[in-house]
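**Student:** The primary structure of each chain is shown beneath.
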Amino acid sequence: MPHAFPFLGRHRGALLRLGAWSLLESAQTFLVGICLARALDQGFLAGRPASGLVWLVVAAGSVLLAGPALRGVFGQLSGLVEPLRDGLVRRAVGQALNRAVADPARAAEAQRAAVSRLTQQTEIARDSFAGLVLTVRSFLFTAVGALAGMLTLAPQLLLVVVPPMLLGLVLFLLTLVPMAAAQRRFLDADEEFTDRAGALREGLRDLVACGTTDAAADGARELIDEAAASTRSLARWTAARTLALGVAGQLPVVLLLVATPWLRDQGVTTGALMGALAYLVQSLLPALQTMMTALGAAGSRLVVVLDRFVSSEADGADGGGARVAQAGGPGPCADPDPVPDPDPGRGPAPAVWCRGVRVSYGAGTRPLVEGFGLTVGEGERVAVVGPSGIGKSTLAHVLAGMHPPDEGAVRLAGRAVVGHSPQALARMRVLLPQQGYVFAGSVRENLAQLDPGAGDDRITRAVTALRLGPLVDRLGGLGADVDPGALSAGERQALCLVRAYVSPAPLLILDESTCHLDPAAEEHAEKALANRPGTTLIVIAHRLSSALRADRILVLDGAGTAFGTHESLLRDSPLYRDLAGHWNSSG
Amino acid sequence: MVFTRPRAGTTDNDVARSADALLTRVARASAGRTVAILLCAAAAAAASLALPAVLGRTLDLLLDGHPDAGRALLAAVALTVAEVTLDATVALLAGTVGARSTAWLRLRAVRRLVAAAPHDVNRFSPGDAATRLSVQATEAGAAPAGAAQTVAAVLAPIGALVALFLIDPWTGTAFVLGLPLLVLLLRSFARHSSDSVSRYQRVQSAIATRLTGALGGARAIAAAGTVDAERSRVLRPLGELGVEGRRMWSVHGSATARSGVLLPLLITAVLAVGGLGLADGRISVGDLLAVSRYAALAAGLGSVTGPLGALVRGRAAARRVNELLAVPPLTHGREDLPTGGPGTLELRGVGVRRDGAWVLRGVDLCVPGGGTVAVVGRSGSGKSTLGAVAGRLTDPDEGEVRLDGVPLDAVAADVLRREVGYAFERPSLRGATVEDAIAAGAETVSGDRVRAAARAAGADGFVRALPRGYHTPLDEAPLSGGELQRLGLARAFAHAGRLMILDDATSSLDTATERQVDRALAREVRPGTRVVIAHRLSTAARADLVVWLDGGRVRAVRGHAELWRDPDYRAVFGHVDVSGARGER
Chain A
8 MPHAFPFLGR HRGALLRLGA WSLLESAQTF LVGICLARAL DQGFLAGRPA
58 SGLVWLVVAA GSVLLAGPAL RGVFGQLSGL VEPLRDGLVR RAVGQALNRA
108 VADPARAAEA QRAAVSRLTQ QTEIARDSFA GLVLTVRSFL FTAVGALAGM
158 LTLAPQLLLV VVPPMLLGLV LFLLTLVPMA AAQRRFLDAD EEFTDRAGAL
208 REGLRDLVAC GTTDAAADGA RELIDEAAAS TRSLARWTAA RTLALGVAGQ
258 LPVVLLLVAT PWLRDQGVTT GALMGALAYL VQSLLPALQT MMTALGAAGS
308 RLVVVLDRFV SSEADGADGG GARVAQAGGP GPCADPDPVP DPDPGRGPAP
358 AVWCRGVRVS YGAGTRPLVE GFGLTVGEGE RVAVVGPSGI GKSTLAHVLA
408 GMHPPDEGAV RLAGRAVVGH SPQALARMRV LLPQQGYVFA GSVRENLAQL
458 DPGAGDDRIT RAVTALRLGP LVDRLGGLGA DVDPGALSAG ERQALCLVRA
508 YVSPAPLLIL DESTCHLDPA AEEHAEKALA NRPGTTLIVI AHRLSSALRA
558 DRILVLDGAG TAFGTHESLL RDSPLYRDLA GHWNSSG
Chain B
370 MVFTRPRAGT TDNDVARSAD ALLTRVARAS AGRTVAILLC AAAAAAASLA
420 LPAVLGRTLD LLLDGHPDAG RALLAAVALT VAEVTLDATV ALLAGTVGAR
470 STAWLRLRAV RRLVAAAPHD VNRFSPGDAA TRLSVQATEA GAAPAGAAQT
520 VAAVLAPIGA LVALFLIDPW TGTAFVLGLP LLVLLLRSFA RHSSDSVSRY
570 QRVQSAIATR LTGALGGARA IAAAGTVDAE RSRVLRPLGE LGVEGRRMWS
620 VHGSATARSG VLLPLLITAV LAVGGLGLAD GRISVGDLLA VSRYAALAAG
670 LGSVTGPLGA LVRGRAAARR VNELLAVPPL THGREDLPTG GPGTLELRGV
720 GVRRDGAWVL RGVDLCVPGG GTVAVVGRSG SGKSTLGAVA GRLTDPDEGE
770 VRLDGVPLDA VAADVLRREV GYAFERPSLR GATVEDAIAA GAETVSGDRV
820 RAAARAAGAD GFVRALPRGY HTPLDEAPLS GGELQRLGLA RAFAHAGRLM
870 ILDDATSSLD TATERQVDRA LAREVRPGTR VVIAHRLSTA ARADLVVWLD
920 GGRVRAVRGH AELWRDPDYR AVFGHVDVSG ARGER
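These protein sequence lines map, in sequence, to chains A and B.
Per the numbering used here, the first sequence starts with residue 8, numbered consecutively.
Per the numbering used here, the second sequence starts with residue 370, numbered consecutively.
Isolated chain A (complex conformation):
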């Protein structure tokens, strides 16, 4: 809630205009009661039905006034509500992207939550906020009109009406805090159960296989009971709110009747009495009811949702910050490594050079590799093989400067990978992940993603080299828009290969990024990329055939790694023999 006041302050103009339109509503409320009183006193009860009708026509006219007033109110309302929604959408998108980029491995899991936050939760906030503004405003301005009307008709009316109304409002305000707590407890319980229900379904195979289904159902039962208990507590407070509404709305009517003899003595006319009753029953009671309902339900929902946005932003900042601090070094783009070139004076620096590298998923976990060293010369073609889950992708991330090693140094063309901004790294190497990422935009934008300044001739050269002319033509040429959903996984990967070709970076790392191409297309793509001028190619192999095309092969096997040619590895690495389908009884 601390953000509420600055937000309203920024949109002071809309708020003031909203108030101005609402004043028209006050005037309308005011006129309806006055006209009814006059119609009775000066018309129907005075034996002059014609003038009674005239007064009612005036009342009807004032009712028509409410039309434009409400239209104006809604116009200003969108000036308040839409900026709120825009802000929330921006936050949701920014948070989701930052978190996904900081921890790409978990990005897929976070999708559901991110979309729910982007659509459902921002909509809840938008509707609740609009409902709150509308109803609170409506009650305030209706009350102003009604009270002014009663003051005009007979000031004594206020003495009778205002105290019970205030009493009811105070009672209602007292229920507000526990009601919000009950609402929050309900939302939390519901969310926890929803998560558990999804997890039950997700892990059902294991639950059945382990014979732990009963325990899982018992665990869910506790959450079901808590959700039911929270619903009941919410129902109790809803009932309490109904009582408060009764006091605020009905007690004044009853008291008005009780006080009728006294009011008559004070010279209050029948018409004034009827006008006061009309104010109470027709204007105030409905406004009060909608406001109380909105405050009780929408108000607490809004607080909960906004709270989540703010708290998750805090979480996100922590996580992202830690990550940046790990990877950052002294500052972006600075070269922090004072160690001299690994091979001074002996030709160009190797495309990839690392020594003593230790990589793990986090502090205290067992390393994937330790004391790892690798030298890949410029223009060389290297394949990486190993069982799935052994850490091939992580190693690719380390080489690409996206995962800081616990120990050791990694240099690309003689420059340390730590301490560069993501943009600077993108000029040193390309890392193509398995999932071919194509975004909604033009073909040109997609192909030039890694070098936005690339001219059409360069893009076309890349397309030709990879023999993807037919695909680009089918998409409608470079200027056409692509719909990523309409492309097959292989077509997406093919477009990403062009992207890599266009990039100015000399080192290309393909992390199973041709797995959806057929073997012939894969072979051609690898050859075309390897033949790109000045290119060093590292392929994390999906098929063993890629490995056979490479100059040298790196076999990852837990702590033990082997690096060599196909023949030497067949001789020296049992795992490689296994992977290559060369079985012998001693292996």
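Source of the hints: derived by calculation from the structure; they are not laboratory data.
Among these hints, one or two may not hold up.
Claimed, not checked - Restraint ranges, calculated between C-beta atoms of paired labels, are given here:
no., chain 1, residue 1, chain 2, residue 2, range
1, B, Arg922, A, Gly492, 34 to 42 Å
2, A, Val64, B, Gly608, 42 to 50 Å
3, B, Arg651, A, Ala11, 51 to 59 Å
4, A, Arg578, B, Pro737, 51 to 59 Å
Stated by the list, open to error - Non-contacting residues of chain A with respect to chain B, defined by C-beta distances greater than 10 Å in every case (computed):
no., residue
5, Phe14
6, Leu173
7, Leu180
8, Gln273
9, Val317
10, Arg362
11, Glu387
12, Gly483
13, Asp488
14, Asn538
15, Pro540
16, Arg578
Glycine included, C-beta positions come from ideal geometry on N, C-alpha and C.
Assemble chain B onto chain A, guided by the hints.
**Tutor:** Showing chain B alone in chain A's frame:
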């Protein structure tokens, strides 16, 4: 009751009927309270109907200074108190009955879910199952109370209309003539608003699609360093969203303006007619007061759409919940397995059908107790299905599976899960800590056994290296694919019975660890029959027997050395020699 009415249609009809039957059962489970809601809501409606007349009469008596005024005033007070209290009671009861019914539905649906064969619930994605169990169970649970309230919501406006005619037929006529206008205007609102709402939602889902696309490409974006460009690209339609949003408010505003004008206009017209009656001496001032309130009450007929809509939603939701309840449970017999049995596994004429096609057919297989059989074949040849049938994660559509001579479906559930264990390629672990995740099973095992099993599975080392060792919360333990597999193996080892099925459960292990696990499986884990589904050559080479599946049928059951002579068999393992280097595996 509204929800017991059957709907037209053939198969739809049955679906609707069973969903309605479900709602009837839900209502019956809280029958007393549901009836109480009905009574209280009806009584509240009656009180609200009587109140205007009594208020009018009281006003008349008070204006006349009549001695009966006091008594009438008391009656008005009593009615007011009754109405407010009854309203509060209805709110309380509706909430509690909703809570009860929702819990009733959820509990049954959860129990049915966990009793099902895992394959049978595959068609419900986790998100879908969660929605059915949460939001939709809530909506269905609110239906009984909603039905009771709808009855009352209809009573009050109709009664009010009758009262208008009773007090002064002219006022009633004025109201009835004005009403069609109301309906007409409200209908035009629904059309316009749904137009602008659907446009708004289209833009919204366009942003969501861009965001999910970008999240799916998180690695590529991280590698390319283009997160800022991505953010502005995802947000590009935001301006359009604002335009559609403003249009939505303006449509909503004019609709509200129209309906907001209509009701007061209608009441003013009724008051004018009543005022003429007052001038004529046909009705009194009190009657006029009553007329104005009855007109407002009668116009409340429009608000019936609220509970009615909830009821319709509740019915639709009940149908979705019912689909979960309709999943057939995996029923178990009560037989025990012979004590000390070796774990002889027999499959006789086993066939499994998925979506109308046989994925496994005519499988006859006998694995002697204590033996290790490797199941090999190209992907899609039915290996995992064979594994699922062998340990009864699913029932065969034809044929029979026996363990130590007892048909699996006759074995009691606790015996079955104690004696048959599984380890998977991607295990799903549950439990507060790493230790709990390994210990969880038909019988929770001791910490010592957890550690022994973890050592056997090659997991002890990295678990000890975790921040809090075995007590590290599961969601705080960063695990690689291979480490996750080892915890899954440890869980299976800790609960080892006479049959263990390893479904690609060592695929992410390095060679050294795999060998170690293999040795431990032979020496340290309780001996028994093993069915090992694997892609790796060395696994098949070490097994006693190899089952070679091809297109859902058993192609051969023999030793690996003998099979290796067949080039087709070698191709299963992606065997390449230098001459075949250019080929696909």
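**Student:** Indicate, hint by hint, whether the structure satisfies it.
**Tutor:** Here is what the structure says about each hint:
1. In this structure, Arg922/B and Gly492/A meet the distance hint of 34 to 42 Å, their C-beta atoms being roughly 37 Å apart.
2. One distance hint, 42 to 50 Å for the beta-carbon pair Val64/A and Gly608/B, holds here, with the actual separation near 46 Å.
3. Between Arg651/B and Ala11/A the CB atoms are about 55 Å apart, so this pair conforms to the stated range of 51 to 59 Å.
4. For Arg578/A paired with Pro737/B, a C-beta distance near 38 Å fails the hint of 51 to 59 Å.
5. Distance check on Phe14/A: its Cβ is at least 16 Å (rounded) from any Cβ of chain B, clearing the 10 Å threshold; non-interface status holds.
6. With a least beta-carbon separation of about 18 Å from chain B, Leu173/A lies farther than 10 Å from that chain, consistent with its non-interface assignment.
7. Distance to chain B confirms Leu180/A as a non-interface residue, since its nearest Cβ pair spans about 18 Å, more than 10 Å.
8. Every CB of chain B is more than 10 Å from the CB of Gln273/A (nearest about 14 Å), matching its label as outside the interface.
9. Residue placement check: Val317/A keeps its beta carbon more than 10 Å from all beta carbons of chain B (closest about 19 Å).
10. Every CB of chain B lies more than 10 Å from the CB of Arg362/A, the least distance being 22 Å, so the non-interface label holds.
11. The claim that Glu387/A lies off the interface holds: its Cβ sits roughly 19 Å from the closest Cβ of chain B, which is beyond the 10 Å cut-off.
12. For Gly483/A, the condition that its CB be more than 10 Å from all CB atoms of chain B holds, with the nearest at approximately 19 Å.
13. Its beta-carbon lying about 12 Å from the closest one in chain B, Asp488/A satisfies the requirement of being farther than 10 Å from that chain.
14. Even its closest Cβ contact with chain B, about 18 Å, leaves Asn538/A beyond 10 Å, as expected for a residue assigned away from the interface.
15. Look at Pro540/A: its CB is around 21 Å from the nearest CB on chain B, clear of 10 Å, so calling it non-interface holds up.
16. Taking the minimum C-beta to C-beta distance to chain B, about 13 Å, the non-interface status of Arg578/A holds against the 10 Å cut.
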